[in-house]
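J.: Residues per chain are reported as follows:
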Amino acid sequence: MSGSPHPSFSRDELMEVNAARALAGARTCFVGIGLPSTAANLARATVNRDLVLIYESGTIGSKPTRLPLSIGDGELAETADAVIPVPEMFNYWLQGGRIDVGFLGAAQVDRFANINTTVVDRGPGKPEGRLPGAGGAPEIASNCGKVLMVLRHSTRNFVQKLDFVTTIGHGSGPGDREKLGMPGAGPVAVITDLGILRPDPATAELVLTELHPGVTVEQVRAATGWELRSARTVGATEPPTVGELTALRALKSA
Amino acid sequence: MSGSPHPSFSRDELMEVNAARALAGARTCFVGIGLPSTAANLARATVNRDLVLIYESGTIGSKPTRLPLSIGDGELAETADAVIPVPEMFNYWLQGGRIDVGFLGAAQVDRFANINTTVVDRGPGKPEGRLPGAGGAPEIASNCGKVLMVLRHSTRNFVQKLDFVTTIGHGSGPGDREKLGMPGAGPVAVITDLGILRPDPATAELVLTELHPGVTVEQVRAATGWELRSARTVGATEPPTVGELTALRALKSA
Amino acid sequence: MAEIRSLHDAVADLVHDGDTVAMEGFTHLIPYAAAHEVLRQGITDLTLARMTPDVIYDQLIGAGLVKKLIFSWGGNPGVGSLHRFRDAVENDWPRPLELDEHSHAGLANRYVAGASRLPFAVLRGYRGSGLATRTNTVSTVSCPFTGEELAAVAALNPDVTVIHAQQADRSGNVQLWGLTGVQKEAALAADRVLVTVEEIVDELAPRPGGVVLPTWVLDAVALVPGGAHPSYASGYSVRDNDFYQAWDSIARDRDTFTRWIETHIHTHAEGTAVR
Amino acid sequence: MAEIRSLHDAVADLVHDGDTVAMEGFTHLIPYAAAHEVLRQGITDLTLARMTPDVIYDQLIGAGLVKKLIFSWGGNPGVGSLHRFRDAVENDWPRPLELDEHSHAGLANRYVAGASRLPFAVLRGYRGSGLATRTNTVSTVSCPFTGEELAAVAALNPDVTVIHAQQADRSGNVQLWGLTGVQKEAALAADRVLVTVEEIVDELAPRPGGVVLPTWVLDAVALVPGGAHPSYASGYSVRDNDFYQAWDSIARDRDTFTRWIETHIHTHAEGTAVR
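Residue numbers (the numbering used here), protein chains in the order written: chain A, 969 to 1222; chain P, 969 to 1222; chain B, 80 to 354; chain S, 80 to 354.
Careful: at least some of the hints might be erroneous.
[To be verified] Non-contacting residues of chain B with respect to chain A, defined by C-beta distances greater than 10 Å in every case (computed):
1) Arg84
2) Ser85
3) Ser151
4) Asn170
5) Ala184
6) Val261
7) Ile279
8) Leu302
9) Thr335
10) Trp339
[What the hints assert, rightly or not] These stretches of chain S come out as covered by chain A in the derived footprint (C-beta under 8 Å, 3 or more residues):
11) 129 to 137
12) 293 to 304
None of these hints come from the bench; they were simulated from the model.
Idealized CB from N, CA, C, for every residue including glycine.
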């Protein structure tokens, strides 16, 4: 596949391609449904052909030819190296520290990459808005070697304060994960449709480290619910290659 | 097979046939190796064709055609309804209360049907004699619906005081199992080559309830290391039938 | 021992008003037909347990049969929200829905403890999560060897577990394969177990990944081909992703939902698959 | 990732003096050839873990390589005593043998905790047994929901686990089937894992009852056909019950045992099965 830049792509495609690139070099990935699954499957088609995809439905080493709608589509099991019971997945494989990267989405994320997927506050007098809930996220974020996150950038998603803490990223800053006894390194990158945020090594606060082509720092700050800081140098992500976009579009249309 | 008495049989055969008979009506049996396995397989050939044999190696519903030497002979797995991992066997099936009868042997048993299979005292100045150890027995005796025991009758095996308590039968008497939180009823019969002992319903102490053909109460008392009491009426076991002995001998010679 | 029975009779005998019922199946082998029979019989005041409530529980919740839900992820997988679930939680329609909410790891371990007949299970979980503050079935326990504090979750022992499997034999032994989720644990944790199957065969041939449940741990087996639709039974059917996507608009509106249930469930005879 | 290596090199690199080593296999798939390679290399001061020490550990104990044994049933199955094990415990020959002794349920759960990377596991076990008084790896824990006191066993995490399996593929993925015992747990609990296999195939075909261990949880795979003899590999060999019976007289006498080891192990090249 060609490595030359592709002339035309969407913001979502920028997000998906960069999410896939973040999986270069990983051996195993615990894959959430939706954007993380798109990214992980695109990684297998581009930067990491040997990436072992692990789905919480119990499949190890799934090799789907099209994007699964659910985490339990038949093709995930049929193409897997092993299919195991769900309790074993969570106890021996996830808690057992066998998985390099956990790839999560989120409804709300705060500056320390903590996640809310439970309920949202809809204002005075209104009932809480209901989200799907935790799923595997609290233990994925705790036990995987590191965590990648992918979600669209808006002040609705990137909030000053979570309405509920479903899943700990970096807590309230450095040392919190250790205090909580969380074995993994936690979130190392949040890939959005505008750019990439990464925790500042000194403060664990998410800072803007890369912008996608055509996006400005001000656009990202305007889409973030807290006073987003930038890294000393803000890089630029490489535009998607023809190969990446062809693979992505093929996956989605299959 | 014929139901008429067989003209000639050994003490061991009396023990084995009566041990098999004790499994009439049971649905599932957790089978120890050795005499319990002989009894359980004979039961399947005679009084209980549908008896589900469960071996700690992980087989449920084994149907061996000959007596297995070990609890893991290949035929046990090949003829099983299901083969499961060993931890699942102990956690979901045994501890889960799924098994009607646990069938145990013993090196030493006391008057409350407590069992020692760990070490024996060989006298002053001599090191403890080493026995194989607990295996599955402590949890089999705790969690099965009831327990049957089979062993040869001698003062070496039926002792006043155990050298070590590996496995609780009835502890020190009525109420002890409940205090220890043991779900099953515990030992209900000890079948030997001389007769059958059962716990007195009032005291939980093993008393002589049946004699095998040709055996006297005095013989049993002489082979027992404590002052063995007899039930109000001591019955006699039926002699082995031709059918039972034919099946037993076929199993052993297969 | 499992009797082979009609779905109507098995549900009527085994599932009662007020029961705690687990209908498990992780995307695969979801026992829809049995849930629809519960709907037809109007069995109510249920506490429902499922890791992923999915459309099957959206239907039961929307029909007003559910007072409490034990779950860990309540969405329409790959599609979006479960609108009937949300409407019940947010607006008490058609009745209030109490929640006992967990992570997947925690709820899976609640079934493990249940199957093991232990009162609780231990995991390294819920750390820093607000979930533990909203339920009384998460606590902590200290390791007696290292002193480490770990999460403890209470055993979950349903009154009834209902699952769908590919095959049973004539004695009521059952085999399922493919993604088998937490079905073995949910079945062994329950007081009563009902299994619907695609097919009854003379003999169960051992399958790769096969989970066998012997007849003597089950209460009833009902022959219901297609009984997992719109989920699927590996080797028999494929997931009806179009239905899952269509459900979004069916369930979004109370009236549309109610008409759908009336048309597709109540007017159907027992065991008829909803297509 | 597992490298496919010679048994000699794999043992030399992965098993060190003083290690805690689990060689598991419940009657089936016992890794004898690997144990014999440990014997040939004289790797010593080992702490050995196995539910059923079996003849494989009788050999290592009799040869003086073992300082401690973690186990739950130490007999020659269906035959009688393990005489070298007894001689070590009773007479300190050829060296004292420290014991950490459990029930099967307890030791199986120690591996489960190890594989789960939890510090302990919970069971309803050891009640009234003297076993708990002889070890510091059994304790108690109270259920935070019911107050019930239960047994806790410490996690067992071997430095090395060695198992035998039927097949590996060329990438080092492994599949075993038949009685699979506690091998998955013992492997996932260990820091390093060595698997000997009957056969290396192009592709692992899923088998009924198959346990797959992906190459990325293993360190080395060695091709050793017959490497489980005198135990067996379902589909490849049958248990050599005659050998197990013959072992009783070989092991009963110190000199006979020593000559047997000299003749059958030390004079054999690496990987040669002992018949």
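J.: Now tell me, hint by hint, if it's right for this structure.
T.: Each hint tested on the structure:
Non-interface call for Arg84/B relative to chain A: holds, since the shortest CB-CB distance, roughly 28 Å, exceeds 10 Å. Its beta-carbon lying about 29 Å from the closest one in chain A, Ser85/B satisfies the requirement of being farther than 10 Å from that chain. Once the 10 Å rule is applied to beta carbons, Ser151/B is inconsistent with being away from chain A; the minimum gap is 6 Å. With 10 Å as the threshold on Cβ separation, the claim that Asn170/B sits away from chain A is violated: the shortest Cβ distance comes to roughly 7 Å.
The claim that Ala184/B is not at the interface with chain A is violated, since a C-beta of that chain comes within 10 Å of its own (minimum 4 Å). Against the 10 Å criterion, Val261/B falls within the reach of chain A, whose nearest CB is about 5 Å from its own CB. For Ile279/B, the requirement that its beta carbon stay farther than 10 Å from each beta carbon of chain A is met, with the minimum near 23 Å. Against chain A, the non-interface label of Leu302/B holds: every CB pair exceeds 10 Å, the least being about 22 Å.
Its beta-carbon lying about 20 Å from the closest one in chain A, Thr335/B satisfies the requirement of being farther than 10 Å from that chain. For Trp339/B, the requirement that its beta carbon stay farther than 10 Å from each beta carbon of chain A is met, with the minimum near 21 Å. As drawn, the region 129 to 137 of chain S meets chain A at 0 residues by the rule of a beta-carbon pair under 8 Å; below three, the given contact is violated. Using a Cβ-Cβ cut-off of 8 Å, 3 residues of the region 293 to 304 of chain S lie near chain A, which meets the minimum of three, so the contact claim holds.
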